[in-house]
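Residue numbers (the working numbering), protein chains in the order written: chain F, 4 to 399; chain B, 479 to 869; chain E, 140 to 376; chain W, 33 to 296; chain G, 8 to 456.
No false leads were slipped in.
In silico BS3-like cross-links for lysine-lysine, where the CA-CA straight-line distance does not exceed 27 Å:
#: 1; chain 1: W; residue 1: Lys155; chain 2: G; residue 2: Lys444
#: 2; chain 1: F; residue 1: Lys334; chain 2: F; residue 2: Lys349
#: 3; chain 1: B; residue 1: Lys732; chain 2: E; residue 2: Lys210
#: 4; chain 1: W; residue 1: Lys140; chain 2: W; residue 2: Lys163
#: 5; chain 1: G; residue 1: Lys216; chain 2: F; residue 2: Lys169
#: 6; chain 1: F; residue 1: Lys357; chain 2: F; residue 2: Lys383
#: 7; chain 1: B; residue 1: Lys732; chain 2: E; residue 2: Lys231
#: 8; chain 1: B; residue 1: Lys694; chain 2: F; residue 2: Lys169
If you are wondering where the hints come from, they were derived from the structure by calculation, not from laboratory data.
Given next are the chains, with one letter for each unit.
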Amino acid sequence: MTKRLLVVSLLLIAAVITISGPVAAADQTIKIATQSPLSGDQSAVGVDIKRGAELALEQMSAPLVKMGFKVELAPFDDQANPDTGVANAKRIVSDPAILSVVGHYNSGVQIPSSEVYHTSGLANVSPANTNPKVTTRGYMEVNRIVGRDDVQGVVGADFAAGKKVKSVFVVHDKTAYGQGIAEFFKKRAEEKGMKMLGFEGTEEKANFDSLLSPILAGNPDLVYFGGMYSQAAVLFKQAREKGYMGIFLSDDGFDSSDAVKIGGQTLLDGGGTFYSTVSGPASIYPGTAKFVADFKAKYNAAPQPFAAQGYDCMGICLKAIEAAVKANGNKFPARAAVTKAIRDMKDYEGITGKFTFNSIGDPTIAKYFVIQVASPSPAKWSDNPVVETLDIAPPK
Amino acid sequence: MKRFLKSINVPELLRPLGQLIFFSLGSTIFLSAIALVLALILDRTVVGQTLFERLNVSLYTYTLVNLPQVAIDGLTIGFVYAAIALGYTMVYGVLEFINFAHSEIFAVGAFVGVEILIALDTFGILADASILMAYIYLILAILGGMLAAGGLAVAVERVAYRPLRHASRLVPLISAIGVSFLLQDVIRLVESLTTGQFNRIFPTFGNFDSRVILAKMTMGTTPITLGMSIKSIIVIVSAVLMLVALNYLVNATKIGKAIRAVAQDHPTASLMGIDVNRIISLTFLVGGMLGGAAGVLYALKFTRIDPFVGFFPGLKAFTAAVLGGIGNMTGALLGGIVLGMLETFAGSYMGVFTMGAAGSEYKDIFAFSILILVLIFRPQGLMGANVAQKA
Amino acid sequence: MSLLSLHDIHSFYGHIHALKGISVEVNEGEIVTLIGSNGAGKSTTLRTISGLLHPKQGTILLGGKDISQMKPHSIVLAGLGHVPEGRGIFPKLTVKENLEMGAFTLDDPEEIERRMEYGFEMFPRLKERINQYGGTLSGGEQQMLAIARGLMLNPRLLMLDEPSMGLSPVLVELIFDIIKALNEKGTTILLVEQNALMALSIAHRGYVLQNGKIVVSDTAASLKQNEMVQKAYLGID
Amino acid sequence: MALLETNNIVKNFGGLIAVNKVNFKLESGRIVSIIGPNGAGKTTFFNTLTGIYKPDQGRITFNGRPLNGLRPDQIASRGIARTFQNIRLFGNMSVIENILVGMHVHLKQSSIDTLFHLPFFKKEERESEQKAEELMTYVGLQGVGNELAKNLPYGGQRRLEIARALAADPLMLLLDEPAAGMNPQETEDIIRLFRRIRDEKGITILLIEHDMRVVMNISEQICVMDHGEKIAEGTPDEIRSNTQVIEAYLGRGAAAGQHEEKNA
Amino acid sequence: MVPTFWTDIIKKPEQGIYPHIIILAHMILGTGLVYISPRSNLAFLVLITSFFTLYYFKADQRFKLIVGVVLTLFILPVVGVRNIFYLEVIFQISVFAALALGLNIVVGFAGLLDLGYVAFYAVGAYLWAFFGSQQYYVLPFAPGTQPSNLPFLLPGDAFYLFMFAAIFVAALTGILLGTPVLRLRGDYLAIVTLGFGEVIRVLANNLDKPLNFTNGPQGITPIQRPTMPQAAVDVFNKLFGGVVGHEVSPADMYNVMFYLLALAVIIVIVFVTRRLDDSKIGRAWTAIREDETAAIAMGIPLVKMKLAAFAVGASFAGVMGVLLAGSRTFISPESFSFMQSIGVLSMVILGGSGSIPGVILGAATVTILNLQVLQGLSLHLSQLRQSDAVIPIINFAWADLSTQLDPAKYQRLLFGLILILMMIFRPAGLIPSQRRKRELASDEAEGGE
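Given these sequences and hints, build the entire structure.
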């Protein structure tokens, strides 16, 4: 009997609280949401995308604050799971204060969640999704500042062709990101006449021995890895240790100083290690070095890949909201206005490139760099020299 | 001291070494034979041709030349699985209970070991340490990992398993699954609060990464070197030492006999004056320490660890323990080696034999199908629990 | 003052109210036997004394100390040996290892060696099979091993639970002679036995248990003649 | 033709012969007990009949059909029901549901009937519920249908186990120490119940029992086992005066005592 | 003098009219609160807990049924359309409730610990994902490289047909996977089912070559949905237009439709589970769970019965898989991880294995905890962290609180704790399962409770 009394009294209290204090949704607060995996085994990257955006908000929200707005970050954890991503997306769109979303690392989560953004006209700038389907749906709300798989894969293959590579062994990490780039790399490499000695996917994160036997037997000129540094660096190190001296090439998932912490000197021996990325070195984008320094100061950890992209996405959102607010007479802008402002963004000076979005939300000309790992010490990661720069427009 | 030396019965000490050599050679020969026969059959078919176009070498020579390296790799990962499997077998022997959380105890050991070394590295001690000092620091890290993991295992048993000792069979198992998840996130929480990092990397020092060349061969035009990295040798040697030490403890010391007595009959053991609860805690301690040491060795060999590093190796090690005959220590040893070899052979050759249709990503499914086949056709495992033979 | 005294012990075995208020006394140097048909509660009594089962009611005093709520391994330290029903040897431990387990609480290896020799004197057959697994011994040999193991700690009181079970009459004869010899050397013995007359032939005093209650207790000699014993066994009304 | 027949059944456990060449015949409609000292192989023999152990040698035929190689549940569906030494009821199920489980073998309801509560399902459930209530009254458990089995007193649980066994309309009922732990009054009731089961239901009863008072005045036939072998068989009076039995039970010399008494 | 009415209601909320009033009051209160502040979590929780009061308070059955229907079919959809996040939470509660009910048959009734239950969920999802999309034509292409203008294999309305097909396909998979292993002992079976879960996930992730069935990690999209009759949208608008406040678009209506479909599946599952539970099969399952040896002695064929439980449990997961594919229009291997299986297991364990209301409560609690409470807490926390608020007593500035302490990040910790604490302190769950009381003619003991 007492249990039922407990339930009744609990409800009364809850009712009183809700009536008394509906959270004062001051219309002067502008929120920008982020969605990335903050838990689970992909949280290393997910957390740093949020941190990149948080850092950008701190550094670049001044103009909006001056106009009397309070600017806040609303971080969401999509747990790299489509169900949670969609649920959070619906929570985001139902909060009028949120004007744009910096989001998703996994395209498996981005695609269903962006359906929700699209139905509510909420702008979404993706720091990391390279799956072509993200933009080929032609949604006004969805943009991304990274090249598509079909772009980055081509960059790698063209670079390999440039290095007179004849035979290639391609490995990827069985994720939409890694396999996507690897498939296009293979397609382009075969077009360029390179012999494909193997095309293997593996979710293995530690013991690559069974994969190294076919690699060593085939002795390809170049080994390409589609996926994150946490697997690529371990594979490259073990391959070097087993005597493979060819060239290593990977994608922008390799762009983190932890890579050289794992690989160390082995990444420099033999044919050396290269990676394609959008965030250029300090020499071309001075902001990158400053970003890395600020990031280390605030979080005492080196930024993971796509942290810089998180920073740039937030920068774009803030600039667009600023434009929309001005266009709306310094009053709270409509979401559609922000979405339009982002899509009309011209030559945004980010630390990972200059961005203009084309009709379906891809960056018009993604400037791609192929960078070589120059020193075994993690501190010198941002001084790695650019070996080649390619400007490639995304296919229509 | 003399009395102590006299009391060591040497044959007991060396017995597992004999088994080690026998199991390793046995599984190598058996699997090599299968691989070579398959290679011969497939040589004439389209599989042989495509390989020839690519590497202009026959499937048979390709398989033969790669065989020793694949065998050594299989052995290395096999010993890692065996070392982890010991933890499962020890606990199962005494409590007939699968300690699902052993994979996280293994992970905690790995983290503590790596953190000790990173701390030393930040003080700059590791960088210019002599080879000897490097080994001493490594041993220090392994000991640290063992103590932490052992202590944790005892605490887990005391809190999450002891109250459920007389509950129905599945209740403690569900609790163990809960502990496994809890520990995964606790590691992540502690790591993110202290270091802010998710991946932790085994610092490079000493000569662990350098490679010992055992033989040079050529396959067609490409030179193939057969070798092992120092760290693989360390992994195998330490795993062997752990097995020998555990075997000696269980089979030749008083405490070891008490553990076996409790495993066979709790009530009668208590009538011998043995405090059953203390022995069970001790078993968890020893199992945990072995898991912890295996964790540090894993980090040494594979460089990168994260809070979820324990899940897959733990599952593989359990498969090895069951394959060998759960509850039987030699079984864990045999199961580990056989599983390691099977997995590596499959991983290396399946891609070539099936022309890329089923590559090494099916390596894990391979391990699970072995588990299911063993459980159906020979539930007591290769070593067989009912074989009237020393544990 | 008696070495062991049970006072109004009530003990449950699952649902079954196995002991309904039994009181037993065993004095130093005696052989006391507890007889009765199966299911009468004989084994439950020994399991309650040695702590495997805790009595719901009543007290157990060993040498004046109340051991009714103590854990089995601490009761053993207080000087109680218990050779359980079905002998309870460790099948996958060798004879030597079984005996070493019997002396688990002793630390001095020489002392253990000496007591093992004492055991082998009594049961020479065990010495021949010293490295054989317990599980591979015959019924009689297992019984000898169980008793030798029970003696390793020189218990003040040795309890034996149906030593005659499953043994051929000749072996039963041998076992009972050894028990008698042990007693003459000073070990107090509490013998639970279904084979009533053999037990009464070597015991000083006896209790007859039926359905968890003591129906009669007397010197062994008078119990032999007593109708109650035959009735209790053969159900003659 | 005997209801149950076993010829030279052998069962050993790693060298230890538990049951050694036991030949046994059981006519239908009788109560037969198996007695013998601890470790004589009674329970092992029992478990070979019910299929829990596979006999190493020898054949078992029941109702004219061989039982060798059948799974325990198949043997049960042939009409052999049993109770257990330490009661194994379905504790968290009610009394009536325990009995209904006993009827599992005879219920014909298919999943389709169940899902759509077709008339056949409703009829079968109603009938089996009535039958279960009759059985409850039969064994003296009326009125506690919805009580959980684990909450019944010890005597009640024993009788529920018997009711559950009867629910399968068995040809033969195997009882494993049904009177264990019972006080004299409960023992009287249980004996009367077994007689009614034999007389009114014509069910053959084979029981293992230690309490000689129960064995002696309920059994028409007693079979004595020792060391895995059948050492004697006969009516209660024959067994009571059989020297081999007394020796097996009371130890040597007892027979002599018994002997003198007869002469004196 | 306090009016007697109030004191009575507090003193004895059991008898007579009072429970009805309490239930109604709670429902109206909840609806009102959500209406006033459509975005406050607390209001939503008040509304959802009205189900709890509906279940707990003794009132006559017909009244409860009517209130239940009003709540599920009218109030929740309206509330949902006003704030689509609530509809998503309600939808996920019903999806996980259905999965938990399915697993409940395997774990709760037959006592088999299945750690790979999500495998059957994946089978159902990929069944409709393959047939309901262009994947048939993508077979020869590597993932990501297929042309964009491919036709659809089947019309969208084949969705309903495939919801039925999934029952048999999933049940068949359950039987195929179950037959070899159901003889195993409990803990071995648990590990083997864990293996199955991983095998199915890896297959989904790798069956993109030689023929591209599952499109590998890229996942399959767009998956078709059954057509939404415009008439339904109009009727909904006419009925609830005023209350909702804005024109309801077909996209929103899809959310309502899938919620109602999930509800329908739950009702079917509860109906089937109740019917099976109260029959020969149900009693056999419970007997197996209680004591296998005794069950065998009663002539129950162990493996056949366990297989039936496996197949029935699997078929429910299969149907929900098809529903997931339809509602999300996108399926990728990431949704079928080991974490999902453990999530559903912890719902069954928390709620009370073997008890239908308990399992539904467990599903609701875990889903709300996971989606709303944890996420809400960490959002609130990050708001505090960005404001310069200070914790009153120890005046520790919120901003210094490490960002790592967001509760939303520790979903595994939550599942782990649930499993451990429930096993130690309340193994029977929040609402323990009781067998249904039977109206027996000979029941003297019934009397007043």
